[in-house]
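Quick note, the sequences are listed as chains A and B, same order. Counting with the numbering used here, you get residues 1 to 127 for the letters of the first sequence. Counting with the numbering used here, you get residues 1 to 384 for the letters of the second sequence.
Bear in mind the hints are in silico, worked out from the structure with no lab data behind them. Any given hint might turn out to be false.
With a straight-line cut-off of 30 Å between C-alpha atoms, the simulated DSSO-like cross-links for lysine-lysine are [stated by the list, open to error]:
hint : chain 1 : residue 1 : chain 2 : residue 2
1    : B       : Lys182    : B       : Lys76
2    : A       : Lys12     : A       : Lys56
3    : B       : Lys299    : B       : Lys227
4    : B       : Lys227    : B       : Lys5
5    : B       : Lys261    : B       : Lys298
6    : A       : Lys56     : B       : Lys121
7    : A       : Lys73     : B       : Lys121
8    : A       : Lys73     : B       : Lys136
9    : B       : Lys356    : B       : Lys227
10   : B       : Lys121    : A       : Lys12
11   : A       : Lys12     : A       : Lys49
12   : B       : Lys48     : B       : Lys227
13   : A       : Lys12     : B       : Lys136
14   : B       : Lys76     : B       : Lys298
15   : B       : Lys5      : B       : Lys224
Because the structure is a prediction, the values reported are computed rather than measured.
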Amino acid sequence: MRMSSIQNSPLKTYLDHLSRGELAYQFSPEAGRAVFYPRVICPFTGSDKLEWRVSKGLGTVYATTVVHPAEGKPFNVALIDCDEGFRLMSRVEDIAPDAVCIGQRVRFRVHQGGDEPCPVFTPVEGA
Amino acid sequence: MDGLKRGSAAIVGVAESELGQVADGMSVFDLMAQGTRRALDDCGLSLKDIDGLFCATAQSRLSVLGLAEYLGIDPKFIGSTIVGGSSFEFHVAHAMSAIALGLCNVALIAYGSTQRTIGRKQASVREINPYETPFKPFLPSSAYALAASRHMHQYGTTREQLAAVAVAAREWALLNPAAWEKKPLTIADVLSSRMVSYPFTVRDCCLVTDGGGAIIVASAERAKSLKKPPAYVLGCGHAVTHANITSMPDLTVTGALASGKAAYAMAGLGPADIDAIELYDAFTINTILFLEDLGFCKKGEGGAFVSDGRIAPGGNLAVNTNGGGLSYCHPGMYGLLLLIEAVRQLRGECGARQVKDCEVAMAHGNGGVLSSQATVILGTPATL
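When you get a sec, could you build the whole thing from the sequences and use the hints?
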């Protein structure tokens, strides 16, 4: 029998949330700030006390590029700063990849259709 | 770096291996060994003098073991720090530390890559990051492109200014017989080339070549009696800020700020004292970021600074005098070649591209996705 004090890896917990349509992140009470990507200890304090929270799903484009693959259509890759204070890589959908701009407000949704659910964003007005 | 004495070690021998596209079947160790033979000839030492061994390559997990076996040596001190293209600037500081502690006397630092002949996918292991890989960034290009997007947004840097970096590198390369690229390049050429990851076209991105080489580091005492004037290590510094681009704190400020500060402090010098500046130009934005972070211009002014031929041959700042990773050679981990060019500039061996009265040269390495930064400041005997 395998003995482990960690029942679910940080990644598994994150993906379980995502499969329920939630963008999960960790919060470090000792540091008083968000932690992302999910880990077993806090990179600000070293503490293993990390709480799971669910993001409201609103954020701002921090940086953006359009990848032009050798085959297939160009697509967006962006870094999104979520309002809770963490950054993740994602893409903005529903608009042309070169129309994505830094400072744009975006809302999370789960992209379906891939092998695994993944968190993507769409533009929002007045958010 | 704190604890290291300015000028206590020197680079005494340097050599490239074959560059560009090497013969089929050549291994990374063949290239390291070829560089080693040439670097030993450059300084007049022999293999039995080597008692410190350092190397890095993307194509061998236990590379220092492979190189020791290949060369038939049993080094007293080894190091194979691998932090991307800047690894060799780290090795210089580590070799200098080991020499200062008496752990070794003469250190060899070697590199080899056959990524062009075997293909990039074969040459480096693809690493899966569950938080980035699903979005298919074209790495490393897209990570640097994200940094460029941020610089353009915050400071108004333009694609034309990025292109000016590639054009300057090409002009230097045309003065270097060893450079891969042989034809002139214009800003219009850069802008109209195939887009890779906006704002970069293929001409904003480094070459994909084979190549390698070796350098030999010895104590200042040992360095005095060798064939060529030593290039003394006046200062070195490094910084590691992140591994993945998502975790880079501010995409417009690199670890070069800290690595440069440490190197300048150790050397007792500042940006105005550097005669030849060799910066790790894997992408055009790199040169702009490092010129800013290393204090050659103010943060945000790098785009304007590189325009109008200022860093090209005949400009007032000699930057990437070999033609850089953009036009001379980029085997994937380019940092060793920066050190070789810096040493040659100090010796006055650079022919048509020689910087006049070059007394102090800088080699600044970058690794990963702006992740690891290491600065080495070298000087002629007159600067000691």
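Query - Restraint check for Lys261 (chain B) with Lys298 (chain B), where alpha carbons must lie at most 30 Å apart - result: Status holds; Cα separation ~14 Å.
Query raised in the report: Are the Cα positions of Lys227 (chain B) and Lys5 (chain B) separated by 30 Å at most?
Result: holds, 24 Å
Query raised in the report: Is the hinted pair Lys12 (chain A) and Lys136 (chain B) satisfied, with a Cα-Cα distance of at most 30 Å?
Result: Given that 30 Å is the threshold and the Cα spacing comes to 21 Å, the pair holds.
Report task. For the pair supplied as a hint, Lys12 (chain A) and Lys49 (chain A), confirm whether the alpha-carbon distance does not exceed 30 Å. Result -> holds, 18 Å
Query raised in the report: Going straight from one Cα to the other, do Lys73 (chain A) and Lys121 (chain B) come out at no more than 30 Å?
Result: holds, 22 Å
Query raised in the report: Is the hinted pair Lys73 (chain A) and Lys136 (chain B) satisfied, with a Cα-Cα distance of at most 30 Å?
Result: With a Cα-Cα distance of about 13 Å, the restraint between Lys73 (chain A) and Lys136 (chain B) holds, given a limit of 30 Å.
Requested in this report: Compare the distance between the alpha carbons of Lys76 (chain B) and Lys298 (chain B) with 30 Å, and conclude whether the hinted pair is satisfied.
Outcome: Measuring from Cα to Cα gives roughly 44 Å; hence the hint is violated.
Query raised in the report: Does Lys121 (chain B) lie within 30 Å of Lys56 (chain A) when you go C-alpha to C-alpha?
Result: violated, 39 Å
Requested in this report: Verify the proposed pairing of Lys356 (chain B) with Lys227 (chain B), using a straight-line Cα cut of 30 Å.
Outcome: Between Lys356 (chain B) and Lys227 (chain B) the Cα gap is close to 22 Å, so the pair holds against 30 Å.
Report task. Starting from Lys12 (chain A), check that the Cα of Lys56 (chain A) is at most 30 Å away, please. Result -> holds, 20 Å
Query - Straight-line alpha-carbon gap Lys121 (chain B) to Lys12 (chain A), limit 30 Å - result: holds, 29 Å
Requested in this report: Would you check the hint for Lys48 (chain B) and Lys227 (chain B), treating anything up to 30 Å between C-alpha atoms as holding?
Outcome: holds, 17 Å
This entry does not satisfy hints 1, 3, 6, 14, going by the numbered hints stated previously.
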